[in-house]
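Trainee: Modelling step: build the complete structure from the supplied sequences, incorporating the hints.
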Amino acid sequence: MTGGALLAVEGLRVEFPTRQGTLVAVDGVSLTIAPGEVLGVVGESGAGKSLTGAAVIGLIDPPGRIGAGEVRLDGRRIDNLPPEALRRIRGREIGAVFQDPLTSLNPLYTIGRQLVETITTHLDLTPAAARARALELLGEVGITAPKRRFNHYPHQFSGGMRQRVVIALALAAKPKLIIADEPTTALDVSIQAQIISLLKGLCRDHGTAVMLITHDMGVIAETADRVAVMYAGRIVEVGPVADVIHRPQHPYTRGLMGSIPTIAAEREALEQIDGTMPRLTAIPGGCAFHPRCPHAFDRCRRDRPELMAAGATRAACWLVLRQAAA
Amino acid sequence: MSDFAAGATPLVELIDVARHFDVSPPWLNRVLERKPRALLKAVDGVSFAIAKGETLGLVGESGCGKSTVARLIVGLYRPTRGEIRYAGRRIDANTANPAARRNMQMIFQDPYASLNPRWRVVDIVAEPLRAGRGDERGPAIEARVASLLEQVGLARADGSKFPHQFSGGQRQRISIARALAGNPAFLVCDEPTSALDVSVQAQVLNLMRRLQRELDLTYLFISHNLAVVHHIANRVGVMYLGRIVELAPTQRLFARPQHPYTRMLLDAVPDLAHTGKPRTAVAGEVPNPLEPPSGCTFHPRCPYAAERCRREVPLLKPVPHAPLGAGEVACHAVEEGRIPAAAKTGDSIWRRPQTGSESGRVDRL
Chain A
256 MTGGALLAVE
266 GLRVEFPTRQ
276 GTLVAVDGVS
286 LTIAPGEVLG
296 VVGESGAGKS
306 LTGAAVIGLI
316 DPPGRIGAGE
326 VRLDGRRIDN
336 LPPEALRRIR
346 GREIGAVFQD
356 PLTSLNPLYT
366 IGRQLVETIT
376 THLDLTPAAA
386 RARALELLGE
396 VGITAPKRRF
406 NHYPHQFSGG
416 MRQRVVIALA
426 LAAKPKLIIA
436 DEPTTALDVS
446 IQAQIISLLK
456 GLCRDHGTAV
466 MLITHDMGVI
476 AETADRVAVM
486 YAGRIVEVGP
496 VADVIHRPQH
506 PYTRGLMGSI
516 PTIAAEREAL
526 EQIDGTMPRL
536 TAIPGGCAFH
546 PRCPHAFDRC
556 RRDRPELMAA
566 GATRAACWLV
576 LRQAAA
Chain B
-1 MSDFAAGATP
9 LVELIDVARH
19 FDVSPPWLNR
29 VLERKPRALL
39 KAVDGVSFAI
49 AKGETLGLVG
59 ESGCGKSTVA
69 RLIVGLYRPT
79 RGEIRYAGRR
89 IDANTANPAA
99 RRNMQMIFQD
109 PYASLNPRWR
119 VVDIVAEPLR
129 AGRGDERGPA
139 IEARVASLLE
149 QVGLARADGS
159 KFPHQFSGGQ
169 RQRISIARAL
179 AGNPAFLVCD
189 EPTSALDVSV
199 QAQVLNLMRR
209 LQRELDLTYL
219 FISHNLAVVH
229 HIANRVGVMY
239 LGRIVELAPT
249 QRLFARPQHP
259 YTRMLLDAVP
269 DLAHTGKPRT
279 AVAGEVPNPL
289 EPPSGCTFHP
299 RCPYAAERCR
309 REVPLLKPVP
319 HAPLGAGEVA
329 CHAVEEGRIP
339 AAAKTGDSIW
349 RRPQTGSESG
359 RVDRL
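Chains as they are written, first to last, in this note's numbering: chain A, 256 to 581; chain B, -1 to 363.
Don't read these hints as lab results, they were simulated from the structure.
Just so it is clear, the structure is predicted and the values come from calculations on it, not from any experiment.
The beta-carbon is built from N, C-alpha and C at its ideal position, and this holds for glycine as well.
Any given hint could be a false lead.
[What the hints assert, rightly or not] Some, not all, of what chain A presents toward chain B, calculated at C-beta under 7 angstroms:
(1) Ser413
(2) Gly473
(3) Leu525
Mentor: Spelled out as structure tokens, the structure:
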């Protein structure tokens, strides 16, 4: 795709072979992230957003596998690398922050030891220099008295502080890209705000790109530059964050935005998308959203729409073509 | 309470209710290691009233005691202190009142844990019907279950299925049908939509509003999500470390929050309207409830804290210089007029950098 992209995902397909046949959890996803850009990936549970992130860093658990497509980092293909080479890229070039900070940290080691280990694995530093770098990182993510906290165990930190440590770990080797999968979901709102501003500030300072995966549109609205909306394993709409939120083109995005209660507006009833996302075993033909779509017509049941330009965004919806023709 | 000055008895009333948990180490450890007794004051002096047909929202961060309040009201915990009244009669444990108990039901957060996976839906929904009047079966109960299922947007035939055959939103509908089975007047909803996706959350919230209209229900709606509470509640109570710090009609609370903690929460909520807008992050975390700060428990995080705040616990009082019914707030700074006049939502009052505190970064995004 575009030459300047840091991460380029092209036609990604993640599938799970089962006895009943192959389930396709992510189907033909293409996206790019520019250096220093925050790309939000939103969707409801089961939309395939976490699997897309896991595929980028090569963390799909067997029997799941990448069935088709390419993942390129800085123009270099990384999805077909042997596990050892991929392991070196993870951490060195791509950092990861997951939802639950307690499971991302080893409870038996002090956070200082975990940081130093990560740093010396990826960077060629002496133990003393690695320790200095670790202290610097802890200060950078807003942990006061880093020297004292260095020797503490994860259980001695609160949830928000733990997530700061996880972010420090992700940043340890100065990666160009961070995959953040629901980084604030387990945290309270006031702590969530702190972590968001921390992530955003760090990206601005270091020029790190972020793929921010979350179900929370509010977090996306405040953090992301562009946003991709996923439904049933595909991207249904992608575009600049303000356009997708305020002028969505795809009926699913429109319903999703209308269903979110906000403090800014007084609403009698929330907009409602009837039904639920289809299971992987029963994804409808044509456009996967057509059984729930109020505007579905013949073509939606027959052909699967690809992303096409619609307003300021790109949406995978036949209505866009129909409106353009009308 | 000012809202009930008209003389009508509130449907549910809590008067200075407290619940303390003894979390001391075992006796031997206390003796050998000289550890003191530890008392967790999960709820510490909460008073409010809910009028018939009203929805009172209760918000707060994790550990503030909102779920404990729910459990106290439905009788899953006994209060350490205080009175809980239903329709004017005491229902806290010493004077058990089964009739009042039958009039209240609870909806839980996790629809995967709150439905028995071995029971068919029809039995789950019928259980409250049978529990009250012996183990009767028959067409009357079947008909009632069918009408309940239809009322919550499920099909009559769904009764013969098991919970695992339903999605999260549908399970929450089953929970609601079960709660409605005994014709309750009052529902305690503890984070009923927190485990659901937004589009499904919208379905359940719309359903709850419709049922409230049709059946004249009264809700206590507990959530950590301010936007959801804003949408569904008539009045909102904000809890912090076991106490209510502000209690006000929803519109007033969101338009002109008084208590510094309420302002902070409202500032922190990520909202769709905020795309690309600068925002200030807030400092600090909820303190350890085992060793709450002295005086006003919010003072270590409060930019307006003064000597009196460190010393004296503020009481919930009507907002000064406000019309009747503008709600109540527990804050010395508001009472003394030390806070700049109520800021509009979005106008941040959190600009003063707090150096030294653990998360003292006040970043402008």
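Trainee: Confirm or reject each hint.
Mentor: Checked hints:
At its closest, the beta carbon of serine 413 (chain A) sits 6 angstroms from a beta carbon of chain B; the interface hint therefore holds under the 7 angstroms criterion. A least Cβ separation of about 3 angstroms between glycine 473 (chain A) and chain B falls short of the 7 angstroms threshold, and the interface hint therefore holds. Below 7 angstroms, beta-carbon pairs count as interface contacts, and leucine 525 (chain A) has one with chain B at about 4 angstroms; its hint therefore holds.
Checked against the numbered hints given earlier, this structure breaks none of them.
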